[in-house]
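Participant: Sequence:
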Amino acid sequence: MKINYRNKYSQVADLYDLYTNTDFDINFWIKECSKDKEVLELACGTGRITIRLAKAGIKVTAIDISREFIKKLKAKCKKEKLGINIHEADMRSFSLKKKFPLIIIPFQSIQELVDPKDHEATFTHVYNHLDDKGRFIVTTHNTDIVDKKALGVIKLITEFVNPRTKNKMKFLMSRSFNPKTHIGTAHQVYEEYDKNNRLISKKLFKNSHYVFEDREIEALAKKTGFNVRKIYGDYSHSKLTKKSPFRIYEFVKKV
1 MKINYRNKYS QVADLYDLYT NTDFDINFWI KECSKDKEVL ELACGTGRIT
51 IRLAKAGIKV TAIDISREFI KKLKAKCKKE KLGINIHEAD MRSFSLKKKF
101 PLIIIPFQSI QELVDPKDHE ATFTHVYNHL DDKGRFIVTT HNTDIVDKKA
151 LGVIKLITEF VNPRTKNKMK FLMSRSFNPK THIGTAHQVY EEYDKNNRLI
201 SKKLFKNSHY VFEDREIEAL AKKTGFNVRK IYGDYSHSKL TKKSPFRIYE
251 FVKKV
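Residue numbering for the sequence shown follows the numbering used here, starting at 1 and increasing by one per position.
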C-alpha cells in the first residue's frame with residue numbers, strides 16, 4: 001500500500017484540532033521531557049503536545065510531513081509567542097545536522113507508517129540524531145486489547161461545533177483489519193448538520209495504520225541499534241500487561 005503522507009490529512013486538516021483535542025498524555029510527556037530540557041518531536045501534527053512542552057519551559061524542535069499541519073503549528077506559535085524550532089520534514093528521511101538528548105514519537109504516530117521498511121528508516125534516522133547517552137521514546141497501541149467484535153461497527157466518537165459555519169458536527173468511525181498485511185483502517189465520517197438538525201454535508205476519510213505484532217517493535221529496535229530500557233502500559237507509567245491500552249517504549253543506544 002502506497003500512501004502520500006504529505007497530503008494524507010489535507011481533506012480533514014481544518015477539522016483535525018476539533019476531534020483530537022485530548023490531553024490524557026500531556027503530563028506524561030512533560031514529566032519525561034523535563035528530565036532532559038530539550039526534545040525532538042517527530043510527527044508533531046498541529047502541536048497538541050508540542051505547545052504544552054514549550055509552555056513547560058522545554059526547548060522543542062518539532063517536525064511533521066504535513067504542510068497544512070506545520071502551517072497551523074506556526075500560526076499557534078506566533079499567537080502564543082513561542083520559540084519552537086519547526087521543520088516541515090519526513091521522519092523517514094529527515095536531516096537536522098544536530099543531535100538531541102531525547103527524541104519522541106508520541107500519539108502512536110509510528111503506526112501511521114504502514115510499510116515496515118519505513119519503520120526501519122525512521123528508527124535509523126532517530127539513531128543518527130540521538131546523543132550517545134540519549135533516550136528515544138515511542139508509543140503504540142497494545143494489540144492485545146483489540147476488540148475484534150467491534151470491527152465493522154460504526155460508532156459516534158464525538159460531537160463538536162464547526163467554528164467556521166457554527167454548525168454541529170458528528171465524528172463517526174468504524175474499523176477494519178487485514179491480518180495478512182497488518183494494516184488496520186479507520187473509516188472516519190464527518191457529518192455536518194444545520195440549525196434544524198438536517199444533514200447538509202458528509203466527508204469520508206480512510207486512515208490506515210500498521211498493527212505491530214508482539215515483540216515486533218523490540219526486534220526493530222534491536223536491528224537499528226537500540227536496547228529496550230523500559231516499557232510502560234499506559235501514560236501513568238504503569239507496568240505493561242495484556243489489558244494495558246498502550247505500549248510505551250523507552251530505548252537507548254546499544255553500548
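Keep in mind the hints are simulated off the structure, nothing from the lab. Because the structure is a prediction, the values reported are computed rather than measured. Yeah, the Cβ is synthetic: ideal placement off N, Cα and C, and Gly gets one too. Check before you lean on any hint, since a few could be wrong.
Quick list of the computed label-pair ranges, beta carbon to beta carbon [said to hold, decoys possible]:
#, residue 1, residue 2, range
1, 230, 124, 16 to 24 Å
2, 193, 144, 19 to 27 Å
3, 55, 168, 26 to 34 Å
Taking lysine to any residue and the SDA-like style, the derived pairs with C-alpha atoms no more than 25 Å apart in a straight line are [unchecked claim]:
#, residue 1, residue 2
4, 202, 164
5, 155, 206
6, 74, 155
7, 8, 181
8, 253, 140
9, 180, 5
10, 243, 140
11, 8, 154
12, 8, 210
13, 206, 13
14, 74, 129
Participant: Evaluate each hint against the coordinates.
Facilitator: Hints versus structure:
1. 230 x 124: 16 to 24 Å: Roughly 22 Å apart at Cβ, these two residues keep to the hinted range, so it holds.
2. 193 x 144: 19 to 27 Å: For residue 193 and residue 144 the Cβ distance comes to about 38 Å; the hint is violated.
3. 55 x 168: 26 to 34 Å: About 31 Å separates the Cβ atoms of residue 55 and residue 168, which means 26 to 34 Å holds.
4. 202 x 164: holds (16 Å)
5. 155 x 206: holds (15 Å)
6. 74 x 155: violated (33 Å)
7. 8 x 181: OK: residue 8 and residue 181 at ~20 Å, within 25 Å.
8. 253 x 140: This hinted pair holds, its Cα atoms lying about 20 Å apart.
9. 180 x 5: Given pair residue 180, residue 5 holds - Cα atoms ~22 Å apart, limit 25 Å.
10. 243 x 140: holds (14 Å)
11. 8 x 154: holds (22 Å)
12. 8 x 210: Within the cut-off at roughly 15 Å; holds.
13. 206 x 13: holds (14 Å)
14. 74 x 129: holds (23 Å)
Checked against the numbered hints given earlier, the structure breaks hints 2 and 6 and satisfies all the rest.
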